[in-house]
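Listed below, chain by chain, are the residues.
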Amino acid sequence: MTNGQFFALMFLAVFPTMAMLLPGDLVRLGGRYGWWTPLLAAMPAIVAAWLTGTLGGRVGDSVSVAMRGLGRVAGRALLLVEWLALGAYMVVVIRESGEISAVTLVTANIPVWVLTVLSALPAALLVWFGPVVLGRTAILIWPVLVFMYAGVLAAILPSTHLIWALPIVPHDMRFATWQPVLRTWVWEAEPTFLGGVLMNHVQVTARKSAGRTLVWAVAVSAILTALGTWSMVAEAGPRGVAVGALPILDLVNRIALGPFVQHLQSVVLPIETMGTVVKVGVFLWVWSRLGQRIVGGWTTIVLVVETIVGTSLAVALFPSVLAVDRATYFWLARWALPALIGSIVVAYGAATIQRGRGRT
Amino acid sequence: MTGRRVVSRLAALTTMLVTALLLTGCWGVAPMEKTGLVALMGIDMASGNRYRVTVAVINPLGLPTPTGGTAGGTPELLRSAVASTTAEAVRRLSATTYLNLDFTHVKGIVVSEQVARMGLAAPLEFMARSPQFLETSWLYVAHGESAATILSDSQQMTPDAGEVLAGTTAWAQHLFPGYADRLFTFLNQMQTVGDEPATAGVGVDTSQGKGPTLAFRLTGTAMFRADRLVGWLDESQTFGWLVATGRAKQQTFVAPASDGGAFTLQLLGVRRRIRITHGASGPQAEIRVDVKVAVVATERAPADFWASPAASQVVRASAVEVLTTDIRAALQVAQSAGADIFSLGEYVRVQDPADWYRMRGRWNTSAFGHMPASVQVVVNISALGKKFCPQSPSDTRSAAVGCPPGAVPGF
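As they're listed, the protein sequences go chains A and B. Numbers 1 to 360, taken from my numbering, label the letters of the first sequence in order. Numbers 1 to 411, taken from my numbering, label the letters of the second sequence in order.
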């Protein structure tokens, strides 16, 4: 996998659902200046991504490092914790992609479980083909997604009220409180733990700059999300954004440049859906990789079983999008994210200590 | 090919075929002959505080044929239903027709004055939630008549009343003082204190005759406080409001000349700046508008008008006076109605936050109404039209336009 493909994968692991689901939360919790939160939260996320990328590039991916540094038993125990935490992420991500298909792609009354299964299947297929195919798909999609996002923001310019999004310098600090920042980390920390596992598939020559690649993935996602949220506030006002379930979708629905440039959903939403499919693919690949290392092989079987389990849990555990929203905050932000970051710290910490002992 | 590869390829093919279901455009799509495209929608009050929703459905059989006449009926069919909520009325409409009503192409929503005065949040809110609707429809207030009457009067318009009304709205935004908001802008703006919504009044102009020659007219601007109609701007006040809020585009207006003549001027560009200063009694607004105009026509212009630099000062002064009067009149009406359609509250929030947080709660009820606001208009004349004076003393093309022989234009 080239550095470009690695960046594309990490970017798509964050951006498609972050751009869709986060702005409403940011403005609901942080008010008019909620668009500052992705930038603020990106600072520690960038540091974490750079550390993981740099260490991973030098000493290897977090999975093999854990096994090497902690031994087979303790290493597997750590991977099990990581596997459970990533499983929680995986289930939420699959359900989110089903929900995005439900509200964006299909207007008829198709049960959400059908759409969730249909979103997970192509992702599983990509994973089956391997990380390089996943990377090649990602590098095709990410510029299209960014171009489309920028296009949407440009298209709504005529209907913006800039005064609604001013002043730039915040008058209050609600955007910097614990809740919005933690929710943003749920997304912005993803390159840290996904990149750590994917590291061994990056070309050896490209691994030196893996830290920088991960930093770019976090930074570009954060900047685009901040810009998008700011534009949404300028277009719909803070209350308009706060009450919207998926404000970016509302934005697309409202594009009306003259009598002919309208109904752009049919252009925008398939691209968004492709992005979420790749995102599910990245998570599924990393999750199955962890599963394979824990059971010691069984590549295809683990993938099939995990796809079935993840999709079934996604459908069974979350009857509505509100349940997904609660899960994002209560499961992921408070439990899964600390567990994943903690596992990586322990894995690389053990490897660093072992390396130090080896030198002495 | 080995058995494993065959299985792999079959699995890949099956998965691709299954996932292709995601790409379908045919999920739940009704056949064309059963689709009822709704062009316009009207909302009136009915007895018992209920809503009457009327829809104009496009009837392809009612369109004129090349040989004259129609295959059947008018270009639009009207259907209406009454219920305690507009959402329920729409459901009833759908349930009582064999057509599959499609609301994604509604060009305009017309609400009666009574509905507007009672508040639009309740009747319009479900359209923002329902995927059945797109929020890009234009919103209008029926001025002096019911929404159902307007839909009924416009039934014979071709190609259909929705297209005609959307076209009239688009022209209005460029050529004459009329301004309709889109539904989503209205719904967002009604939630913003310090920036109240406004939209066009609408009626059917029957003076042009019946049938396909019928036309809509935009009649003034309905001013809202949050979601309730609180007053109207007439045509010249609407023009003042459009100029003062930077919404005006290429409208024309007439500036009187001192000797009974008149200049017809066209806007080429408008830039509005608002400065909030902190005064003894609270914030004060200074509205400055820079306008660039072109002279489109003159009536009884002074003989030396095209050649005299001083004459342009007359046009400029007259334009300044007209625009200042219209802006002040609009501001006064808005302030007395307590509808901050000039967005001054938002400027106070940004430029004088201390005063804003103190006054926010009573902004619409008293603070906006009593806020001192000055208006300054600067007019720049960009062109005097296509007529010309000689470019050099040897140029002899000046005879037709009354320039003195050999005169070189000073502006």
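There could be a bad hint or two in this list.
Claimed, not checked - Listed next, the in silico SDA-like pairs over lysine to any residue satisfying Cα-Cα at most 25 Å (straight line):
hint : chain 1 : residue 1 : chain 2 : residue 2
1    : B       : Lys249    : A       : Ile168
2    : B       : Lys249    : A       : Val114
3    : B       : Lys34     : A       : Ile163
4    : B       : Lys292    : B       : Ser336
5    : B       : Lys249    : A       : Gln262
6    : B       : Lys249    : A       : Ala155
7    : B       : Lys292    : A       : Phe260
8    : B       : Lys34     : A       : Lys208
9    : B       : Lys249    : A       : Gln265
10   : B       : Lys292    : B       : Pro159
11   : B       : Lys249    : A       : Ser266
12   : B       : Lys34     : A       : Ser266
13   : B       : Lys292    : A       : Ser266
14   : B       : Lys292    : A       : Gln262
15   : B       : Lys249    : A       : Leu162
16   : B       : Lys34     : A       : Gln262
17   : B       : Lys249    : A       : Phe260
18   : B       : Lys249    : A       : Val152
19   : B       : Lys249    : A       : Val302
The hints are simulated quantities; they were obtained by calculation from the structure and are not laboratory data. None of the values given here were measured: they were computed from a predicted structure.
(Q) To test your reading of the hints: which numbers does this structure violate? (A) 1, 2, 3, 4, 7, 8, 9, 10, 11, 13, 14 and 19
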